[in-house]
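Each chain, written out:
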Amino acid sequence: MPDAIQNTIQLQSDAHIVILTLTVELCKIFAQDESEKAIIAAINAIGHAFHATEAALFYINSEKSYRVCISGTEYPITLSEKRWIECARPKSTETLVTKLGSWSIPGIGKKLPAWLCVCLYTSGSESGYVFIGREAGEWSDNDVASLASLKMAIEPVVKIRHERAIEEWNRKNTEKLLAKNETRLRNIFEDSRDMFYSTNASDIITGINLAGATILGCPSKQDLLGKPFSTFLLNPADRVQFLERIAADGYIDDYEVIFKKHDGLSIFCLETAHTVKESDGTIIEIQGSVKDISNRIENERKLWKMNLEIAEANINLQKTHSIMIQHEKLASIGQLAAGIAHEINNPIGFLKSNSQTLEKYFGKLEKYWSECSTSRASSDLDSDMIQRMEKIFIEAKIIFAEGHDGFERIINIVSSLKNFSRVDSQDIMNSFDLNAGIESTLVVAWNEIKYVSEVRKNLGDIPPIVAHGGELNQVILNIVVNAAQAMENPPREGTGLIEITTRLEGDHVLLTIHDNGPGIPKKILNKIFDPFFTTKEPGKGTGLGLSISYDIIVNKHDGSIWVESEPGTGTTFFISLPVSGPHKVEKT
Amino acid sequence: MDYSETVDKFFEKDSRMRVSLMEDVSGIIIRLNGSLDMQSSSALQEMLMYIIDSMAGHKRLVVDLHDVNYIPSTGVGALTIALMTARKRDIKLQLSQIQPKVRSIFELLGFMSFFEEVSDDA
Chain F
59 MPDAIQNTIQ
69 LQSDAHIVIL
79 TLTVELCKIF
89 AQDESEKAII
99 AAINAIGHAF
109 HATEAALFYI
119 NSEKSYRVCI
129 SGTEYPITLS
139 EKRWIECARP
149 KSTETLVTKL
159 GSWSIPGIGK
169 KLPAWLCVCL
179 YTSGSESGYV
189 FIGREAGEWS
199 DNDVASLASL
209 KMAIEPVVKI
219 RHERAIEEWN
229 RKNTEKLLAK
239 NETRLRNIFE
249 DSRDMFYSTN
259 ASDIITGINL
269 AGATILGCPS
279 KQDLLGKPFS
289 TFLLNPADRV
299 QFLERIAADG
309 YIDDYEVIFK
319 KHDGLSIFCL
329 ETAHTVKESD
339 GTIIEIQGSV
349 KDISNRIENE
359 RKLWKMNLEI
369 AEANINLQKT
379 HSIMIQHEKL
389 ASIGQLAAGI
399 AHEINNPIGF
409 LKSNSQTLEK
419 YFGKLEKYWS
429 ECSTSRASSD
439 LDSDMIQRME
449 KIFIEAKIIF
459 AEGHDGFERI
469 INIVSSLKNF
479 SRVDSQDIMN
489 SFDLNAGIES
499 TLVVAWNEIK
509 YVSEVRKNLG
519 DIPPIVAHGG
529 ELNQVILNIV
539 VNAAQAMENP
549 PREGTGLIEI
559 TTRLEGDHVL
569 LTIHDNGPGI
579 PKKILNKIFD
589 PFFTTKEPGK
599 GTGLGLSISY
609 DIIVNKHDGS
619 IWVESEPGTG
629 TTFFISLPVS
639 GPHKVEKT
Chain X
32 MDYSETVDKF
42 FEKDSRMRVS
52 LMEDVSGIII
62 RLNGSLDMQS
72 SSALQEMLMY
82 IIDSMAGHKR
92 LVVDLHDVNY
102 IPSTGVGALT
112 IALMTARKRD
122 IKLQLSQIQP
132 KVRSIFELLG
142 FMSFFEEVSD
152 DA
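Chains as they are written, first to last, in my numbering: chain F, 59 to 646; chain X, 32 to 153.
Hints were generated in silico from the structure; no laboratory data involved.
Just so we're clear, the structure is a prediction, and the values are computed from it rather than from any experiment.
A hint or two may mislead.
[Said to hold, decoys possible] With a Cα cut of at most 25 Å, we get these calculated PhoX-like pairs of lysine-lysine:
{"#": "1", "chain 1": "F", "residue 1": "K377", "chain 2": "X", "residue 2": "K119"}
{"#": "2", "chain 1": "F", "residue 1": "K285", "chain 2": "F", "residue 2": "K349"}
{"#": "3", "chain 1": "F", "residue 1": "K581", "chain 2": "X", "residue 2": "K123"}
{"#": "4", "chain 1": "F", "residue 1": "K217", "chain 2": "F", "residue 2": "K95"}
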C-alpha cells in the first residue's frame, strides 16, 4: 500500500480513536453532572482533544444573537445580544461545522485567527454552539470532519440530557407551584377567623383550624383532634339530630348550635357543613365551618327584651291612664254634688224659717180660737164647726211636725253630701274624723242599702287621723255599695247585714266592713284589686272602684287594705290607716 | 276560620315543621311538630301574627311545643314578637309542654320568665 494512503488511513483511525475517546469522556461527564459545570467540563474536554487555545459554548437564538456564553470560566457570562454573524463573519451558516476567521470571544478571550463552530444541540428557538479557536494556523479538514463526527455522536446524548434538564426544571417548578398553592390554601384554612373543621363519618374530629381552638377556648388544636365533635356542644345529644339531617340531605345550612367553652360558658354559633361521599354513597368525611354569632344573638336578645319591657310599660301606662281618668270623673262628680248641696242649702234655709213662722202663727190662731170658743155662748156656735176647727188645729200640728222631720232630713242629707265630697280640702291632708266620715257616707249610700240590708255600727274611740277625708269616704262608699249590691243579687232569705267597726290599734286605726253576703270565691280573691276586674255585667261597673280604693289607701295614705271571705258566710274588708298619716305629707 | 288553609298558606308541605290548629271556647291551640329552623321560624311568626290579627280579644292562644325538639334563636324571636303583639290586642299567648332542651334555650336567652306556661289540662 502506498505510504500516502496508509498515512491517511492511520490519520483517520487516529482521529477516529480521538473522537471515540472524547465521546466516551463527554458521556461520562454528562451522566455524572447535571449542572452547568458539566457543560464547562465538556467544553474543556472538547477544546483539549482538539488542541484548541480557546473553547466556548454559546446559546444562540434564531436571529443568531448571543445570549449566554459558557467557556472555560466557572460561571456563565451574559452578553448583550450581539450578533455573532457580524462578529464572527462566518462563511456559511448552513454547514454542520463552520469555519470562522479572526475572532475573539466577546468580552473575554483574545483574538484568534481560526475558529471552528458547531451546533451541539437545538432546543426550541435556541441552539447551543461550540466554538474552538487556535492560536496559529488553520483548522484542517480532518479537524472539521472530526468535529462533525463528534457532533453526530454526542448529539443524542446532549439532547436527552437537555430534555431531562427541562423535565427536571418543570418538575421543580410544578413542585414549587403546588407547594405555594398548598401553603395558600392552608393559610386560608388556618388564618380564617371562622372555625373550619373536618370529621370522619363517626363524628371524630380529623382536622380543625386555629379559630376552632379559639372559639372553644382550648389552648391548642391538639386538644380537639381525635375527639368527638359532640363533646364540645352544650348538649352533646343535639349532634345526633345534626348527623341525621346531614346524612339525609348531604348538607346543612345555617344551623344554630351551642358550644360549651373550656371555661363553661356557652357560645351561640352558626354551622354550615356538607358530606363527602364515596361513589356508593357512604360518607367518608364531614366538612364544615362554624361562625361565632354570640354578639348578634346578644344584641337580638337585648332588643327583644327591651321591646317586651316597652310593651309591658305601655299596657301599664294605659291602665294607669284609665284609672286617672276615672279618678278625675269621681272628683268632678264630688264637686258637682257639693255645688248642688250648696245651692239647695239656701232655699231650704228660708223654707224652714218660713215654716217656723207659719207654725207660730197657727199657734196664735189656735189661741184666739180657743178664747173665742170659750168666751162666747157655746149654743151660738155650731158644734160641728167647733169639732172641725179642733180637728184642723190637731192635724196642723202633725203636719208641722212632719215638716220639721222633712227639713231635718234634707239638711242632714245636704250636709252629709258636703261632708262626703269635702271639695274644700282637695289636695291637702287634714285632720279627719273617720267615724264622722262613715256616718255621712252611710247617709249618702242609704238609698242603695235600705232595701237589702241592715247596718250595724260599732264605732270605737279613735283619734282624728291625718288623711284626705273625701278620698277615704269614697273608699268606704265603694265597699259598702259593693256589699249591698252583692246581697241584692241573687236575692236572699232575710235581710242582709253590714257591720262597720272602728278601733285604735297602736299607731294605726283599723276599720272593718263586714257583710253576710255570698262571699268571694278563692279563685278570684287575689284579683279583686286588679284594674278592670269585675264580676258585674258589662255596663254595670267599670271594675275600677276597688283598684282606686287600693291606690288611695296604700299609695296615698301609706295604709293597708285586705280582704277575707268565706263563700256562703260573708266578706270582711280590713283597712288599716296610720294615725299620723302618710310619711311624706305636708300638714296644714 | 278554616285552619287547614291558614297553615298551608304559611308552611310548605315539605318543610321540617308540621302545624295543626284547634279552636275551643277559650281560644286557639297551635300544635307544632318538628324543628324550628330559620325558615320555619319566620313562617311561624307570620302565621301567628295573622292569627292574632284575626282573633277577638280576651281569648288565649296556646302554642303546644310538645313535639318541638330544636329551636334556634330566630324561633325564640318569633314567639317573643308574637307575645308582644298578642298583649297589645289583649290576647294571652301561652306556651305548653315545653321540652327540656327548648326550655334550656329560652332560659339561656333569659326569656323564660316573659312567657306564661300552661299545662295541657287547662
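Hint check results:
In summary, the hint linking K377(F) to K119(X) is supported, as the alpha carbons are separated by about 12 Å, within the 25 Å threshold. Between K285(F) and K349(F) the CA atoms are separated by roughly 20 Å; this keeps the pair inside 25 Å, and the hint holds. Between K581(F) and K123(X) the CA atoms are separated by roughly 19 Å; this keeps the pair inside 25 Å, and the hint holds. Pair hint K217(F) plus K95(F) holds up; C-alpha atoms about 17 Å apart against a cutoff of 25 Å.
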